[in-house]
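Please build the complete structure, drawing on both the sequences and the hints.
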Amino acid sequence: MKKLRYIYILAFVLVSISCEDTVEVDLETADPKLVIDAEIDWKKGTSGNEQSIKLTETAGYYERETPPVSGAVVSITAETGEIFNFEEEPGTGIYRCTDFEPVIGANYTLAIMVEGESYTATEQLMPVPEITAMEYIEDGGFIGEDIEVRGYYQDNPETEDYYLTGFSSHVLPYTEYSVSDDSFTQGNLVYDIFSHEDLDTGSEVTMKLYGISERFYNYMSLILESAEGNPFRVPAANIKGNIRNTTDENNAPYGYFRLSETSEKSITIE
Amino acid sequence: MKYLLKTLYFIIFLLCLHPFYTPLWAQKKTQTIKVRGQVVNENGTPLPQATVVEYGTQNGVVTDMDGNFSITVSKADAKLEVSYMGYKTLYTEIAKDFIKISLQPDASQLDEVVVTQNRSITEIRKPQMSVNRLSSEEIKRIPAVLGEADPLKSLLQLPGVTNSGEASSGFNVRGGASDQNLILLDGSPIFSDSHLLGFFSVFNPDVVQEMELYKGGIPARFGGRVSSVLDVQQKTGSTDRFHMNGGIGLISSRLLAEGPFDNGKGTFMIAGRSSYAHLFLKLADNDNSGYFYDLNTKLSYQLNDNNKLFLSAYFGRDVFKLSNSFSTSYGNAMMNLRWNHQFSESLVSDLSLIYSDYSFGLDLSFYDFEWDNSIETYNFKYDFNHRISDNFQLRYGLNALYYDFNPGTIKPRDSSSFNFRQLKKKYALEPSLYVEAEHKISDRLSLNYGLRYSAFYRYGQEEINIYENDTPVIFNSELGIYENATPTGSKHYGKGEKIADFNQLEPRIGLSYAFNQEHSVKLSYNRMSQYLHLLSNTLSPTPVSTWMPSGPFIEPQILDQVAFGYFRNFKEGTYSLETEIFYKKVKNRIDYIDNAELIGNDHLETEILKGKARAYGLEVLVKKNTGKLTGWISYTLSKAEQQTPGRNPQETGINNGEWYLTPYDKLHNLAVTAGYQLNRKWSLGGNFIFQSGRPVTFPKGRYEIGGISVPDYRSRSDSRLPSYHHLDLSATYVPKPEKKKGWQGEWVFSIFNLYGRKNAASITFHPNENTGYSEATRLSVFGIIPSIIYNFKF
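Chains as they are written, first to last, in our numbering: chain A, 1 to 270; chain B, 271 to 1064.
The set of hints was computed from the structure by calculation and includes no laboratory data. Among the hints, a few may not be true.
[Said to hold, decoys possible] Listed below are the simulated SDA-like cross-link pairs for lysine to any residue, each with C-alpha atoms no more than 20 Å apart in a straight line:
1) A/Lys33 x B/Gly976
2) A/Lys43 x B/Gly976
3) B/Lys591 x A/Lys43
4) B/Lys694 x A/Gln186
5) B/Lys882 x B/Gly956
6) B/Lys894 x B/Gly956
7) A/Lys265 x A/Glu176
8) B/Lys591 x A/Gly141
9) A/Lys43 x B/Ala755
10) B/Lys535 x B/Tyr648
11) B/Lys695 x B/Asp642
12) A/Lys33 x B/Asn926
13) A/Lys33 x B/Asn925
14) B/Lys396 x B/Pro777
15) A/Lys33 x B/Gly977
16) B/Lys681 x A/Thr98
17) B/Lys591 x A/Asp139
18) B/Lys1028 x A/Val25
19) B/Lys1028 x A/Asp21
20) B/Lys694 x B/Ala755
[Unchecked claim] FRET-style restraints, in silico, Cβ to Cβ:
21) B/Asp638 x A/Thr77: 42 to 48 Å
22) A/Thr246 x B/Ile851: 50 to 56 Å
23) B/Asp684 x A/Met113: 53 to 59 Å
24) A/Thr246 x B/Leu793: 53 to 59 Å
25) A/Glu270 x B/Lys681: 31 to 37 Å
26) B/Asp638 x A/Glu176: 20 to 26 Å
[Stated by the list, open to error] Part of the chain B face toward chain A, derived, beta carbon under 7 Å:
27) His611
28) Gln612
29) Phe613
30) Leu617
31) Ser687
32) Phe688
33) Asn689
34) Phe690
35) Leu693
36) Gly963
37) Thr967
38) Arg972
39) Gly976
40) Ser1032
None of these values were measured; they are calculated from a predicted model. Even glycine gets a Cβ: it sits at the ideal position worked out from N, Cα and C.
In structure tokens, the structure reads:
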């Protein structure tokens, strides 16, 4: 339960009283590794036919772009045996499909052939509840001075559920993600929180909720912790997803094959 | 009792081996005189561990916790030489019965008397090695952050002691983890050693009489943790008169009162310390606050000649409140009632009843729930100190320690999306027995040997999960990841029903061989067991401090350590040298699978992998004990590693089963501590620390997943932070050094981190919050910090 990590909240206080600055660190760059970003999102109320998968390689830490991987053969096979092919937009490493058919709870298998090696992964399409309401308070946030947005959804009391939540807003250069599970909130009306010191009248905040599997929850927890750079923890090395390299078992790619139903809602601060 | 008897046989066996041994019953042919007494300081406070020597001989004893001693001298006109670290050595005639010896501090009197000897001198003949003592005087002379003398931080100046960085709680001894230190305050275990997340220790420097840190060759009377024992003694109140002392600093103030009552039969000491609120949290004009306080007391009462009662207590809390988002309060409490009984001059016992509690409470307003967790212990201890002859002393005793763990309670409020949850409470009993002998075999050879038998019982009421093949963590070999196993069922244990039990025999031995009065070699071996595991995957312990008792899936940690050392005093003890090498290994050291959930988890066995740890190193300590300039240089070269291999060839373990450096490994660790008495009014202090940066993992690239930039870490702890160093200075000004009565004050001026080095507490890798580009961010805690403190007594 990642919300419980706030029990370590005092550590954040320490950060707030100490001094942070940007430093130059000489870093080595390891041999490039394939990164498979296969995220199938089916927004409620849409057909979900249009999907894309992105193939890149790892780059030097300070590099602004990660190089695309072109020339791959990419497909997803449904339980029914139906095959959805993904065609590359030439030279971009982005592979698109326009006839994907999402089914809640169904299993799908990803197959990729690139540079002589085959990759495969199987995952289930996970359902998600509707975001029922969004609201904001003026005196929220860590020190009670920022605008704080809350988005509510009803947890299913019958199942063990895992969620990925993304908040996006013009005040952020990137989407702020978090993962959670229902082990302490089973069957309740649950909320997620976003606050930022730059939120003001007219700001729009969008919350996106994804239904995810337990394995993706574990994977994403590690990804988020690495990405945030927790100064109090030893970061996980070689974070492994659910994609196997069937040609060379010891050379697993980075990335994950995830299929989620998603729900989205926005609020404008007045 | 079986082991006690065995040990006794072993002792008798040794005695018979020694051809020059004079039997106990034949020894006292010559005229001997027993002298009993007590050593106190200028205020009448008893001084434990003071040295009392029959002048001109090798015959000497050390005072007990209450400053009492008993020595047998050979002639009626013998003189006693009484010394204590930081105090002027005193020579005194013996008296018929009880003598009270009052020592004067040496610092203010250097001009008048050249101190010839004090207790900083290295013990040449005692078999105890790997031990460091710091008296409250020494602690106060070491300049500290924000000017606040800190017993725990002063330990970092000693060889073999490090921590995982500035403002981090806990400390690491000889490459051991911080949960492997047994911290005793007047005999009671303390589970969390710091305030304000490690800025200050829980020990008020005014209250600490003395502390001893055992890093190796740990005597059999201690057990329960594998790395070290820090034995902190609160001071006993003055027997002379009522007086007070205290200090006013920038962060906190202290006040202590002590004195006799009931015509000197009893003494009391009561002390308080509190920081000022709002100091750290001037974030806004909100009602934010963060502060801590401590209350300490020690009462003693002499019932009659042979019976004394002591009551020690401590209560400390940290309190944080941040607007309406959260508030927290946590800390230790303990109480110890001790009955000291003298059966005869040679046999003394201490019976202790101890209660301790550590609790952590948090109110997370923005999710509308409260969280509590705690550890309570009830401890019964009966210790005997039996002086059989001048050359042979036995200590033996028993201990029963009962634990009550509450891993967490979640209490939601009305609007909360959280459900009420009580995590499974855990109960355990740790009984132990020990016998320990200090045995002087000849003028050159002395031994300290002992045996401890410890056991551990986990009791219900608890529901324990059952897993296929008893394997709560499974390895997914297709994906190469560890995952939690799904339980196949569970077993209910009723209240008081035994869930698991362990026991261990722990031999301890120390030997010293003195070539002469000036130098010796020492050797020690100790085996220890630890039945508790701190659950923490952060670099230093957090105040949450959840502990896991050994049980069905977690075995106790077992340590074996050997140490060898060479000890020497030069120029009649003006200088001394202590060097030691050590090697230790620990079995059943746990580590965690990636993404382990350690908070709010009833099935921690599904997050844990078993491994081992080892550490080895060289320690050098050079001291200048006397004169205007005193101090020491300590250097440690060491390595601390951990290994968590796979359980079968398919599994990867952690770091592919290879050894990895622990986060507190410090290859080089140099500390210089010096004090200089300029004149009667001014004294100067300084310290310098240089350490290798701690091991960290640096990325070897980055990649993107769903628009998130992820640093690409390939192996664990493959780099180090930049070297850590700082220089601190202090100056103490005593306006009226000649004044010995009434109000006496002193000013302490200090500068921490004189050249303002920005030591990296961490370097993290994440995108810039505005540009989104990847960068490296250094977190440094203390820049240059000047401070001033006023101390007083009357």
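Outcome of the hint check:
1. Of the supplied pair hints, the one linking A/Lys33 and B/Gly976 holds, its CA atoms being roughly 17 Å apart against a limit of 20 Å.
2. Straight-line distance between C-alpha atoms of A/Lys43 and B/Gly976 comes to about 16 Å, which keeps the hinted pair within the 20 Å bound.
3. For the hint linking B/Lys591 to A/Lys43, the alpha-carbon distance of about 41 Å lies beyond 20 Å, and the restraint is violated.
4. Between B/Lys694 and A/Gln186, the direct Cα distance comes to roughly 18 Å. Compliance with the 20 Å bound is thereby established for this hinted pair.
5. For the hint pairing B/Lys882 with B/Gly956, the CA-to-CA distance comes to about 39 Å; that exceeds 20 Å, so the pair is violated.
6. Note on B/Lys894 and B/Gly956: the hinted pairing holds, with a Cα-Cα distance of about 14 Å set against a maximum of 20 Å.
7. Our distance criterion of 20 Å between C-alpha atoms is met by A/Lys265 and A/Glu176, whose separation comes to about 15 Å.
8. With a C-alpha separation of about 14 Å, the suggested pair B/Lys591 and A/Gly141 falls inside the 20 Å cut-off, and the hint holds.
9. A threshold of 20 Å between alpha carbons decides the hint, and for A/Lys43 with B/Ala755 the separation of about 32 Å lies outside it, so the pair is violated.
10. Of the pairs offered as hints, the one joining B/Lys535 and B/Tyr648 is violated, with about 29 Å between alpha carbons and a cut-off of 20 Å exceeded.
11. Using a Cα cut-off of 20 Å, the hinted pair B/Lys695 and B/Asp642 holds, with the two alpha carbons roughly 12 Å apart.
12. Taking the CA atoms of A/Lys33 and B/Asn926, the gap is about 19 Å. The hint holds against a cut of 20 Å.
13. The straight-line distance between the Cα atoms of A/Lys33 and B/Asn925 is roughly 19 Å, inside the 20 Å bound, and the hint therefore holds.
14. At roughly 19 Å between alpha-carbon atoms, B/Lys396 and B/Pro777 fall within 20 Å of each other, so this suggested pair holds.
15. At most 20 Å may separate the alpha-carbon atoms for a hinted pair to count; A/Lys33 and B/Gly977 meet this at roughly 17 Å.
16. Our distance criterion of 20 Å between C-alpha atoms is broken by B/Lys681 and A/Thr98, whose separation comes to about 49 Å.
17. Taking the CA atoms of B/Lys591 and A/Asp139, the gap is near 16 Å; set against the 20 Å cutoff, the hint holds.
18. Restraint check for B/Lys1028 and A/Val25: satisfied, since their Cα atoms lie roughly 15 Å apart, inside the 20 Å limit.
19. For the given pair, B/Lys1028 sits about 10 Å from A/Asp21 by alpha-carbon distance, which is consistent with the 20 Å threshold.
20. With a C-alpha separation of about 19 Å, the suggested pairing of B/Lys694 with B/Ala755 holds against the 20 Å cut-off.
21. Between B/Asp638 and A/Thr77, the C-beta spacing of about 45 Å keeps the proposed range 42 to 48 Å intact.
22. Evaluation of the 50 to 56 Å hint for A/Thr246 and B/Ile851 yields a pass: the beta carbon distance comes to about 52 Å.
23. With their beta carbons about 56 Å apart, B/Asp684 and A/Met113 fall inside the hinted range of 53 to 59 Å.
24. Remark: the range hint 53 to 59 Å for A/Thr246 to B/Leu793 is upheld by a beta-carbon distance near 58 Å.
25. For A/Glu270 and B/Lys681, the Cβ-Cβ distance of about 35 Å falls inside the hinted range of 31 to 37 Å, so the restraint holds.
26. Checked against the given bound of 20 to 26 Å, the beta carbons of B/Asp638 and A/Glu176, roughly 22 Å apart, stay inside it.
27. Interface hint at B/His611: violated, since its Cβ lies 45 Å from the closest Cβ of chain A, which is beyond the 7 Å cut-off.
28. For B/Gln612, the shortest C-beta to C-beta distance to chain A is roughly 47 Å, which exceeds 7 Å, and the interface hint is violated.
29. Interface hint at B/Phe613: violated, since its Cβ lies 49 Å from the closest Cβ of chain A, which is beyond the 7 Å cut-off.
30. Of the supplied interface hints, the one on B/Leu617 is violated, with its beta-carbon coming no nearer than about 49 Å to a beta-carbon of chain A, more than 7 Å.
31. At its closest, the beta carbon of B/Ser687 sits 4 Å from a beta carbon of chain A; the interface hint therefore holds under the 7 Å criterion.
32. Among the interface hints, the one on B/Phe688 holds; its C-beta lies about 5 Å from the nearest C-beta in chain A, closer than the 7 Å criterion.
33. Interface hint status for B/Asn689: upheld, as the beta-carbon distance to the closest one in chain A is roughly 6 Å, under 7 Å.
34. Taking 7 Å as the C-beta contact cut-off toward chain A, the hint placing B/Phe690 at the interface is violated, the least distance being around 9 Å.
35. Evaluation of the B/Leu693 hint against chain A yields a violated restraint, the C-beta minimum of about 11 Å exceeding 7 Å.
36. Annotation: interface hint on B/Gly963 violated; nearest CB of chain A at approximately 12 Å, more than 7 Å.
37. A least Cβ separation of about 6 Å between B/Thr967 and chain A falls short of the 7 Å threshold, and the interface hint therefore holds.
38. Interface restraint check for B/Arg972: the shortest CB-CB distance to chain A comes to about 5 Å, inside 7 Å, so the restraint holds.
39. The restraint placing B/Gly976 at the interface with chain A holds, with a minimum CB-CB distance near 6 Å, inside the 7 Å limit.
40. Restraint check, B/Ser1032 versus chain A: the minimum CB separation of about 4 Å is within 7 Å; hint holds.
The structure shown violates the earlier hints numbered 3, 5, 9, 10, 16, 27, 28, 29, 30, 34, 35, 36.
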